[in-house]
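Listed below, chain by chain, are the residues.
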Amino acid sequence: MFRIPCPYCGPRDATEFRHQGESRNRPDPRTVTRGQWRAYLYEKDNVAGWTRENWYHGVGCRRFISVERNTVTNETRPAAAAAGAVDPVLPGAEAGAPDADSTRR
Amino acid sequence: MTARYSALSLLSRGLRGRNWPLVWRRHELAPTYDAVIIGAGVHGLAAAYYLAVNHGIRNVAVLDRSYLGGGGSGRNTAIIRSNYLTPEGVRFYDRSVKLYETLASELNFNVMFSQRGHLTLAHNDSSLRTMRWRAEVNKLQGVDSEVIGPDEIKSLVPYMDVSAQTRYPILGALYHPPGGIIRHDAVNWGYARGADARGVQIHEYTEVVGIDVEEGRVRGVQTSRGHISTPVVLNCTAGWSSLVSRLAGVRLPISTHPLQAAVTEPVKVFLNTVVVSGTLHVYVSQTDRGELVFGASTDPYPSYSTRGSLEFTEELAGHVLELMPSIAALRVLRQWAGLCDMTPDFSPIMGETPVEGFLVDVGWGTYGFKAGPVAGEAMAELVATGKTPDLISSFPLSRFADGRLVGEKGAAAVGH
Amino acid sequence: MTARVRAARSSRRPAETPFRLPPQPGEVIDRSRLVPFDWDGRRYVGFAGDTITSALAAAGVRTFSRSFKYSRPRGILTASALDPGCTVQVGDEPNVRASARRLAAGMSVVPQNVWPTLRYDLRSVNKVVAPFLTAGFYYKTFMSPRPLWPAYERVLSRFASGGWTSPDAIPSYYDQRFTHPDVLVAGGGPAGMAAAVEAARAGARVLLVEEEHELGGSLRWGGAQELEALGRLRADVAQAGIEVLVDSVVAGRYDDNWISIAQRGLPDVTERLIKARAGILVVAPGLIERPYVFAGNDLPGVMLSTAVRRLIDLYAVAPGSRAVVLSANAEGDAAAADLDRVGVEVVRVLDARRGEDVRRALGRGTLSAVEVADGSRIDCDLLVTATGWTAPTSLLNMAGNQPVWDPLAARFRPGEGLPDTVLATGGIVGDGSVDELVAHGTATGALAAARAGFGSAAVVAPLSPHPHPALFRATTHGFVDFPEDVSSKDVMAAAAEGYDSSELVKRYTTATMGPTQGKLETVNTVAVLAEATGRSIEELGTTVWRPPYAPISLGALAGRVSPPARYSPMQPWHETHSAVPLVAGEWIRPDSYGDPAAEVRAVRSAVGIIDVTPLGKLALHGPDVPNLLAAAYVNKWAKLDVGSVRYGVMCAEDGVILDDGVTGRLGAARYLMSTTSSGAATVWQHLESLLQTEHPDWRVHITPMTTAYASINIAGPRSRELLTRLTDVDLSADAFPYMRVRTGRIADVADCVLWRIGFTGELSYEIHVPASYGLHVWEALLERGRDLGVRPFGVEAQRILRLEKGHLIVAQDTDGLTKAYDAGLGDLVKLDKDDFVGKPELLWQHEDGAQQSLVGLVPVDPSIVPAEGCQIVDGATGILGRITSSRRSPTLDRSICLAYVLKQYAEPDTVVTVRLPDGRRIPATVTPPTHFDPEGARLRG
Amino acid sequence: MADRPVARSAIAPAPPVAVRDGWEVSTRRASGALRLADRSPLAKVLVRADPDGPFADRIGVATGTARRTPANALAASARPGEWLLMGPPGSAGNLADDLGAPDDGELVTVLDVTHGRALMRLTGVRADGVLAKVCGVDLSDRAMPDGSAAGTSVARVATDIVRDDVAGVPSYLLHCERSSGQHLFASLLDAGREFGIDVDGYANS
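Chains as they are written, first to last, in this note's numbering: chain A, 1 to 105; chain B, 1001 to 1416; chain C, 2001 to 2941; chain D, 3001 to 3205.
Note that these hints are calculated values from the structure, not bench results.
For each residue, glycine too, the CB sits at the ideal point set by N, CA and C.
Among the hints, a few may not be true.
Distance condition first, Cα-Cα at most 30 Å in a straight line; then the derived DSS-like pairs of lysine-lysine [unchecked claim]:
| id | chain 1 | residue 1 | chain 2 | residue 2 |
| --- | --- | --- | --- | --- |
| 1 | C | K2069 | B | K1139 |
| 2 | C | K2903 | C | K2833 |
| 3 | B | K1387 | B | K1154 |
| 4 | C | K2903 | C | K2639 |
| 5 | B | K1268 | C | K2833 |
| 6 | B | K1098 | B | K1154 |
Computed footprint of chain C on chain A, listed as stretches where at least three residues anywhere in the stretch have a Cβ under 8 Å from a Cβ of chain C [what the hints assert, rightly or not]:
| id | segment |
| --- | --- |
| 7 | 31-37 |
| 8 | 59-71 |
With the Cβ distance kept under 7 Å, some of the chain C side facing chain A (calculated, not the full set) [unchecked claim]:
| id | residue |
| --- | --- |
| 9 | D2255 |
| 10 | W2258 |
| 11 | D2654 |
| 12 | Q2692 |
| 13 | H2695 |
| 14 | D2832 |
| 15 | D2835 |
| 16 | K2839 |
| 17 | P2840 |
Work out the full structure, taking the sequences as your base and the hints as a guide.
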């Protein structure tokens, strides 16, 4: 299990985090076309190599953090930040409802 | 030429100490092919086989950057079934099961399809409801599938703890008698041998590094062993399908996740069905060699790493022992991982792309091996006729932009 | 010792031990402690410290199993954990490595793979058809007729090797723990011990893990000098404050030096998985002696030189009486010397360095003679081979290192390129004297400590391998893989057929896939493949080593921590009042109290209470809560007054329904949101995501309060009457109307939240009381409502009640593709809002029109309840819709359903056909979703 | 109305059981040197504020640390912008009042979470050994000295750990959401069995 460098908690086991998908910007809903919106929802860069992505540190600081990870080796490093500040987290795009295999209400 | 396999020929060659001819031959790369198939896994090899057999198109190259069957086709847990949720899924996989049933005799290669029955356990009322839904859709398509209760489960799998006191009590299961396991390598080799015998050229260790596209259509491929001209390129890769498609300028709605598996040391056979639990994210079967073969759901983050993780085996063991607590002493011998191309609707992407002549048979998630024969058959038909067969008409790439996703999503959290 | 002594099997007397030698200088047995045990139904006695095989070998036992395909007798080959023919059943435990497992008193040991007995194995007829059973024979036959394959398969599966399990076996105690060493040394031979000592002296926390029962590696079976060095090193280890694990193996190296260790030999723990996050991993496993391939190389009596030395020097057992030794190295020479020293006749030493060789081993059942390459034949019962070494590079390989073939040393060695966090020392790197190995280990330990932040960086002088002849196969064919029964002939045949790469030959012949994981077999397989293909071993390379390095039990991997189960504060009451448990995700809650229909009637006619603690609850605080609500829900929230609650639906960006619930405004900037039980965590994360990534400027604090409150729904026409008795809140219809929230005391408990809402369709109040008082309030409600006919009801009754009212349940009446307009929630969606999650998709769904509708459905025959999941059909195979919810309604005394149907069938009074699970097709009538009290008069009363 | 309401912890009390300070509690006294005790009755107040804002300054407890306040409450911050104040049973109001009101315009949330959390204390020289069986975070003195706080996973439950030694003996406070409390407590007991762990009863600090 690789570790993720949490800017608030230090390096922690990846199992403490939830993957939130590739960092990307949500299109303006007022002007977006169907094609653009669905490309935003579904298309992936699916990079083999270093990529920037969001993780949610659910059992730790409960912050959404941005991390760089090499998807071939699972090496991780803090997202390149300007002037030493914690990098702003870009929105992730993970569409969809949770799986249906659970009992509700 | 291919020598026929049989018990008699085996005995006679054995006694005379004669070797068999090459199962598939090695060739120099030709400058031109009628079609180039990328990926010598079950999909690519089956497509090549059916192109030659059903359509007489034999000037075909199958390229693989590594050894034959070394990707997902040689790393999956070899479960075959057709009890899907949607009518289009059921029809499609049912055709695949039918092809698998006659594959050994068709290919003259024993693929050891063991139709031992397939159980999908339900641990809560919502999964029981989904099992019923699947059973009803299956039956409407003529597929043998029924919801059974804990007592019947216990008689099929005496090791199963079906008591009500467990943390995840077993309320029932979807029982699918035609489901089973197969020898995955044998399927790959059998198709390779059959395709080779009909003139298809299989090129291992031949990596595609570029795809030539001019004026919106395919002209050829660049490989690590040289350039090939061809009007048709069929992307049959898994794990790398989005990167290969990008060589042709086609973007896919795919993220690649490792799917891990593990095998135990052999013990005397005690498990004669395939057991799947979606809630516990585990599936297990026992081979004729006595090994238990386990799988789980894909890793929860995309990755191209196939090194495997410890937490996978830990979770797997915990879940297996929830089901069969008496086998705690069994030891895990080996773990491995393959790469799965996950699509947003747990269904494949098959057919044409915006680039003319560049076809895809990708996005197979965790269920690609099950579909190898039918996908090959359908893609061969598409290549030969230029028309998309009905059987795959629900799975075009364009469905994502059109917002017409396939409904397997509801049931396919773990779909083995 | 001159002849094998066969003890009379009828005797109850323990077997004699004629092969036990007088005390040896390095022996690990305690002759003062006798350990009786049973083998194959007979009583034996060994010493404490003996392994199962050493004790049996002392008694002259030579055959421990039969091989899986050809049923050939197999004996001791390595006298280590890898011994391929010495896998036995011990009680309930299958596949015990008899050459590594120490004796325990009373142990019942049984051979595996024998039928009907070890001595008479009927399957040996396979030998007759051996030419037919070439590698991959099963791919070439049994193809037809197809119906017979299951019968063939049953026969094949009888041959499955290994021990047996029992459905009644009681799992023993398995365990796990974590550790965080600065330096973890895998392997406690001279180099590993030295590395550990040096790293610890530099100040690092060091964990030293040794697979065998004692530290020392090959020093343990060395001469006086080696034993003296061993004593020194052990003393250093003891003084350096190192944590030492023996009988433990580093099984895997995963990303970021996440390391699995299987710890065995603990008194009360069968096996423990230790999970280590190591700063630096030092890999020091030494070398594995490689078997030699020749005809008869699997006969009991053919042994590796290290096996001979282990048996003599550790266990004081003579491995035979008359020996031939084939030696290509000093270890082989030392084995010959050991044999000679303890009085085993060494008939001949064949020096492989001078080209001498064996041709075949001969014997029926066990070795009786050796045919030498020069054609001579020597009678003997022991043939010792010392033909080379294999470096177990598995852990390095898992760290990304590719081993490279060193033709000079005739073994694979670590390649270039290791992560900074992984080092190697000892035999895996190169050869040397004890002092040289210790020096390399010491320098490596210093470097490891330095990299972990202790001491200064050290320079490690290289440790070169010594030249060694490349010996893999004699002129005859023999086994390359013992447990898999794969011979060199099989490998060559496979190569000739085109299975000619390391991976293909492995898959085709199954060589290296058995319980020894290729540690003994891989190099010989590759070497024979190289011979067959005319390619070099360098070119072919090895297959990828996969974890675990040594097998680990499912019990240890599973560990002891069970999946968490969550209970409400009222659970003690439920348990003592015959609640039927329902597993709902993490929660265990009452499905019913025995009679759901009666519970429904109580709610419709009087009053019922249900424990709804698992409902998700989030406290929202801040000036931007209305913005957050507006973004998350599809409906509007700007005008929610203090004291009001509102129902809302959340969709994901693809328009698919995510969750639903009510949110109430408790104060100017304070809100309490409820979610579905299973959606609580998802919604919390979803809202945090909106706040942290989309709208970091919004000022809102979200605090999960699900279990801070015990939640109880009080429902039924007499619910007001009941609750009035317990609270100071004015419950009159005017003071506290429908869809309002109040706070106050209930049953003397302060700070309760009350909302007037209803899922059941009755007048009802959902109360949230500080959780520690949940049981108090629950009991008070039952006590004070006795005269009103109050009754607890469970989830099942609630499901019926809500179905009567036509309320959908997210994830039951919706699925992974259901958008708001499909589910009849279109009226809630406010497309005139600027933006909200999922708005574009919902806008387009509104424009295009939903394809299907959620409707009510009643079978024409009111006694038939179609199972949930039944399809609404058209003709033989056409599907028009499906039933998502169905129950018998006690209130209406008939079956009722919720169903999806295609738009054109959604008009009330349309009659459709439902196919039942038994194949019957029944008519059913489409209705509005609400089956009971459609005006909602009861609810608002 | 009958008796004064009795509060109950999520963790079943080990006998003998009595009511103390309005809570049904165990009055058992542990014999061993390694003790696990339910401390859920302690008042617990959750504070949320900008970690770099003036209110955070006023609290004066940095992320990842814990500190005793002058009033002998314990303030711990396992994550940025969040503090948990723990004090004697019934003192939640006082703990909140002691904080004072935030400056105008600063968003500060103060919530009594006494009933929403299970809280337990594990004390003894081998306490770290117990935790090392169920928690993957390094809890050695080097990584987590007295006065540290961290949020992580313990026995598969999201748990905050506060190192708060008692008279020089290592001691850890663990708290999680209430309904998982029994599971966490039972998991710690199971993990501590090999070290001779014993359940200790009620104490009001």
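Legend entry - Violations among the numbered hints, reported as their numbers in ascending order: Checked against the structure, the hints that fail are numbers 1, 3, 4, 5, 13 and 14, while the rest are satisfied.
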